[in-house]
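Participant: Those protein sequences? They're chains A and B, same order as listed. Residue 1 is where the first sequence starts when you use the working numbering, and the numbers rise one by one after that. Residue 1 is where the second sequence starts when you use the working numbering, and the numbers rise one by one after that.
No lab work stands behind these hints: they were computed from the structure. All of these numbers come straight from a predicted model, not from anything done at the bench. Some hints here could point you the wrong way.
[Stated by the list, open to error] List time: in silico DSSO-like cross-link candidates among lysine-lysine, alpha-carbon distance up to 30 angstroms: (1) B/241 - A/185; (2) B/185 - A/69; (3) B/212 - A/148; (4) A/212 - B/29; (5) A/300 - B/212; (6) A/241 - B/185; (7) B/69 - B/148; (8) A/148 - B/69; (9) B/212 - A/69; (10) B/29 - B/300; (11) B/300 - B/241; (12) B/69 - A/212; (13) A/47 - B/148; (14) A/300 - B/241; (15) B/241 - A/69; (16) A/241 - B/241; (17) B/148 - A/148; (18) A/148 - A/185; (19) A/185 - B/148; (20) B/300 - A/212; (21) A/185 - B/212; (22) B/185 - A/212; (23) B/69 - A/185; (24) A/241 - B/212; (25) B/185 - A/185; (26) A/148 - A/212.
Number of protein chains: 2
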Amino acid sequence: MNIALDVMGGDHGPGEVIAGAIEAAQAYKITVSLVGPPDIIRSELAKHATTGLKLPIVPASQVIEMGEKPAAAVRAKQDSSIVVASRMVRNGEAQGFVTAGNTGGALAAGIFQVGRIEGILRPALITPFPTHRGFCVILDVGANADVKPEHLQQFAIMGSVYARHVMGVNNPRVRILSNGEEEGKGNQLVISAHNLLAATPGINFQGNVESKEIVEGMADVVVTDGFTGNVFVKTAEATAKLLQRVMLEELTAGPISSVGAFLAQAALRRLRTRMDDSQYGGAVLLGLAGMVVVAHGRSKANAIRHAIRVAKQGAEQNIQVKIQEGVAESAPRASRLGDSAMKAVPT
Amino acid sequence: MNIALDVMGGDHGPGEVIAGAIEAAQAYKITVSLVGPPDIIRSELAKHATTGLKLPIVPASQVIEMGEKPAAAVRAKQDSSIVVASRMVRNGEAQGFVTAGNTGGALAAGIFQVGRIEGILRPALITPFPTHRGFCVILDVGANADVKPEHLQQFAIMGSVYARHVMGVNNPRVRILSNGEEEGKGNQLVISAHNLLAATPGINFQGNVESKEIVEGMADVVVTDGFTGNVFVKTAEATAKLLQRVMLEELTAGPISSVGAFLAQAALRRLRTRMDDSQYGGAVLLGLAGMVVVAHGRSKANAIRHAIRVAKQGAEQNIQVKIQEGVAESAPRASRLGDSAMKAVPT
Numbered sequence: 001m002n003i004a005l006d007v008m009g010g011d012h013g014p015g016e017v018i019a020g021a022i023e024a025a026q027a028y029k030i031t032v033s034l035v036g037p038p039d040i041i042r043s044e045l046a047k048h049a050t051t052g053l054k055l056p057i058v059p060a061s062q063v064i065e066m067g068e069k070p071a072a073a074v075r076a077k078q079d080s081s082i083v084v085a086s087r088m089v090r091n092g093e094a095q096g097f098v099t100a101g102n103t104g105g106a107l108a109a110g111i112f113q114v115g116r117i118e119g120i121l122r123p124a125l126i127t128p129f130p131t132h133r134g135f136c137v138i139l140d141v142g143a144n145a146d147v148k149p150e151h152l153q154q155f156a157i158m159g160s161v162y163a164r165h166v167m168g169v170n171n172p173r174v175r176i177l178s179n180g181e182e183e184g185k186g187n188q189l190v191i192s193a194h195n196l197l198a199a200t201p202g203i204n205f206q207g208n209v210e211s212k213e214i215v216e217g218m219a220d221v222v223v224t225d226g227f228t229g230n231v232f233v234k235t236a237e238a239t240a241k242l243l244q245r246v247m248l249e250e251l252t253a254g255p256i257s258s259v260g261a262f263l264a265q266a267a268l269r270r271l272r273t274r275m276d277d278s279q280y281g282g283a284v285l286l287g288l289a290g291m292v293v294v295a296h297g298r299s300k301a302n303a304i305r306h307a308i309r310v311a312k313q314g315a316e317q318n319i320q321v322k323i324q325e326g327v328a329e330s331a332p333r334a335s336r337l338g339d340s341a342m343k344a345v346p347t
Numbered sequence: 001m002n003i004a005l006d007v008m009g010g011d012h013g014p015g016e017v018i019a020g021a022i023e024a025a026q027a028y029k030i031t032v033s034l035v036g037p038p039d040i041i042r043s044e045l046a047k048h049a050t051t052g053l054k055l056p057i058v059p060a061s062q063v064i065e066m067g068e069k070p071a072a073a074v075r076a077k078q079d080s081s082i083v084v085a086s087r088m089v090r091n092g093e094a095q096g097f098v099t100a101g102n103t104g105g106a107l108a109a110g111i112f113q114v115g116r117i118e119g120i121l122r123p124a125l126i127t128p129f130p131t132h133r134g135f136c137v138i139l140d141v142g143a144n145a146d147v148k149p150e151h152l153q154q155f156a157i158m159g160s161v162y163a164r165h166v167m168g169v170n171n172p173r174v175r176i177l178s179n180g181e182e183e184g185k186g187n188q189l190v191i192s193a194h195n196l197l198a199a200t201p202g203i204n205f206q207g208n209v210e211s212k213e214i215v216e217g218m219a220d221v222v223v224t225d226g227f228t229g230n231v232f233v234k235t236a237e238a239t240a241k242l243l244q245r246v247m248l249e250e251l252t253a254g255p256i257s258s259v260g261a262f263l264a265q266a267a268l269r270r271l272r273t274r275m276d277d278s279q280y281g282g283a284v285l286l287g288l289a290g291m292v293v294v295a296h297g298r299s300k301a302n303a304i305r306h307a308i309r310v311a312k313q314g315a316e317q318n319i320q321v322k323i324q325e326g327v328a329e330s331a332p333r334a335s336r337l338g339d340s341a342m343k344a345v346p347t
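Kindly generate the complete structure, drawing on both the sequences and the hints.
Facilitator: Here it is, written out as structure tokens:
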């Protein structure tokens with residue numbers, strides 16, 4: 001098992017990324033290929049005891065910066081760390097790649113270099129989302145701004161495979177994000193997709209879901225288009241940050257503000273631990289011929305380690321094969337059923 | 001000035017609604033028509049000193065319940081409080097109506113009974129949204145699940161009129177909700193609408209906005225389709241509730257939990273006051289021939305009073321006329337410009 005790691009991605013620099021690679025190589029007994037400028041990698045490796053670990057250096061001289069147009073940059077910078085890492089997956093030299101860099105760059109490298117699984121119409125970005133009970137997964141959160149019902153059907157199948165084999169959820173409950181939980185609520189896309197999903201074998205579809213119920217933990221897999229999904233996760237994140245800031249202000253504004261500050265800091269620390277999704281390894285681009293994991297830019301060594309674990313686990317579980325099988329089994333039958341189901345939608 | 005009030009809406013019953021009507025009649029020196037079963041209204045009025053206040057009783061024998069299908073219920077129950085109130089607006093007997101009942105019922109009554117302003121393609125639901133600095137307004141939050149760019153253009157015009165004349169914002173900054181702040185980000189709808197909005201005179205359009213920036217207070221008017229807008233406000237609300245619950249759990253979990261609980265309760269109380277939108281009167285259905293205000297189901301007397309104020313203020317300011325003028329001035333020119341602007345969008 002070989003996972004290629006873009007050492008140049010991430011807000012904390014190559015030191016943190018390489019520390020995560022060392023942890024992963026040690027914990028999971030796998031090869032982690034370190035892709036980037038050899039001198040930087042060598043000097044970081046020298047700070048650790050790495051004897052016996054499989055950490056080959058794969059040279060890459062360029063970096064895609066955060067401000068660059070992803071698709072153009074991936075095409076232009078053929079020796080960038082992310083393109084070299086993705087090419088290793090395409091050539092079968094690695095089973096997956098991990099980056100904490102530019103999400104757009106990872107998407108472009110994944111789609112152009114690694115390529116889609118046969119039968120997959122659109123790869124989708126899946127991410128864990130915290131609920132009161134634990135975590136669910138939501139897809140698509142940004143790879144496809146405009147989709148059709150049959151894309152959402154494939155997202156449901158891919159999400160179910162991911163929840164089962166990577167998140168360890170038995171018979172994951174699939175729901176579609178809507179503006180009301182009742183059947184018949186939604187925009188045209190959701191209403192059409194609802195009927196198609198209800199007629200799709202091999203998934204445990206339970207209907208519409210609203211944000212409130214997602215937060216309550218009523219779904220294991222939330223299916224949505226990449227525009228709505230992106231707005232959804234960003235709104236939750238922005239609201240959580242605002243609330244934490246305002247709570248901190250209010251807790252430290254009272255007459256016994258030092259006690260309030262102490263308690264607030266401790267509570268916020270526990271809150272962050274509880275909502276911490278780093279062990280789930282960030283977002284994964286599902287539907288490609290290899291595992292492509294996009295760790296948060298803010299990833300520390302521990303989060304990088306888990307992102308590598310997710311890539312390894314997906315590769316070991318043959319997620320690609322299971323997705324291909326799932327789509328082959330469910331979708332052709334489903335699209336026949338779906339056609340008639342869709343005709344029943346009132347217009 | 002006469003505002004019709006559906007006394008049968010709201011979670012706290014007619015007593016709370018009527019108390020709000022009395023406060024409003026007193027504070028704003030206007031007529032508030034109390035629409036509902038006369039015996040209930042009389043017995044509630046008897047609990048207050050109402051001498052000199054203009055609070056006529058308008059009989060209505062039916063109620064639309066929360067579980068009913070709104071459009072069907074509005075058609076079937078012609079003597080329901082919400083239908084009678086909306087009919088008063090249609091007939092010019094009242095300048096607006098206020099309800100804290102079923103939002104769907106209010107939309108149906110507003111659209112079927114009150115009717116649209118000439119030139120308005122789609123009425124839209126607008127609501128205040130808390131930011132770190134204060135409040136912005138967002139529309140549509142649920143009246144139209146599927147829209148076209150020209151609908152979003154009208155929402156921008158209506159939202160600007162509302163922000164200026166009801167929220168008191170000078171030269172309101174209009175932005176469109178997207179999955180990225182950069183121009184060119186968005187789904188097809190947003191990209192087309194962005195170009196149309198940029199070419200619309202009479203509004204202060206500043207481009208795309210993400211959730212993070214809305215929360216930071218970077219927009220006064222946020223324009224979006226009713227599906228995304230509904231998901232947006234519900235996600236923010238659900239996340240805020242989850243965070244408050246988890247913060248309370250964490251603050252009371254520590255070794256000095258009683259102090260934590262005391263501080264947390266006080267901080268949460270201040271937080272809720274700070275985020276309290278009751279003075280903005282809930283959601284308003286813009287684009288109709290009269291003011292239609294949908295107060296929160298949870299409205300207490302004070303929130304009902306403010307909802308009545310919003311209806312009164314909108315009517316006094318001739319919001320309907322200003323919207324009609326705005327659309328007549330901006331949209332025809334804009335749609336000519338918009339056509340050419342839209343041709344420039346890369347496909």
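Participant: All hints, please: hold or fail.
Facilitator: Results of checking the hints against the structure:
{"no.": "1", "hint": "B/241 - A/185", "in the structure": "holds, 23 angstroms"}
{"no.": "2", "hint": "B/185 - A/69", "in the structure": "holds, 12 angstroms"}
{"no.": "3", "hint": "B/212 - A/148", "in the structure": "holds, 28 angstroms"}
{"no.": "4", "hint": "A/212 - B/29", "in the structure": "violated, 40 angstroms"}
{"no.": "5", "hint": "A/300 - B/212", "in the structure": "holds, 23 angstroms"}
{"no.": "6", "hint": "A/241 - B/185", "in the structure": "holds, 23 angstroms"}
{"no.": "7", "hint": "B/69 - B/148", "in the structure": "holds, 26 angstroms"}
{"no.": "8", "hint": "A/148 - B/69", "in the structure": "holds, 28 angstroms"}
{"no.": "9", "hint": "B/212 - A/69", "in the structure": "holds, 22 angstroms"}
{"no.": "10", "hint": "B/29 - B/300", "in the structure": "holds, 20 angstroms"}
{"no.": "11", "hint": "B/300 - B/241", "in the structure": "holds, 20 angstroms"}
{"no.": "12", "hint": "B/69 - A/212", "in the structure": "holds, 22 angstroms"}
{"no.": "13", "hint": "A/47 - B/148", "in the structure": "violated, 58 angstroms"}
{"no.": "14", "hint": "A/300 - B/241", "in the structure": "holds, 29 angstroms"}
{"no.": "15", "hint": "B/241 - A/69", "in the structure": "violated, 37 angstroms"}
{"no.": "16", "hint": "A/241 - B/241", "in the structure": "holds, 13 angstroms"}
{"no.": "17", "hint": "B/148 - A/148", "in the structure": "holds, 17 angstroms"}
{"no.": "18", "hint": "A/148 - A/185", "in the structure": "holds, 17 angstroms"}
{"no.": "19", "hint": "A/185 - B/148", "in the structure": "holds, 19 angstroms"}
{"no.": "20", "hint": "B/300 - A/212", "in the structure": "holds, 23 angstroms"}
{"no.": "21", "hint": "A/185 - B/212", "in the structure": "holds, 27 angstroms"}
{"no.": "22", "hint": "B/185 - A/212", "in the structure": "holds, 27 angstroms"}
{"no.": "23", "hint": "B/69 - A/185", "in the structure": "holds, 12 angstroms"}
{"no.": "24", "hint": "A/241 - B/212", "in the structure": "holds, 9 angstroms"}
{"no.": "25", "hint": "B/185 - A/185", "in the structure": "holds, 27 angstroms"}
{"no.": "26", "hint": "A/148 - A/212", "in the structure": "holds, 25 angstroms"}
Checked against the numbered hints given earlier, this structure breaks hints 4, 13 and 15; the rest are met.
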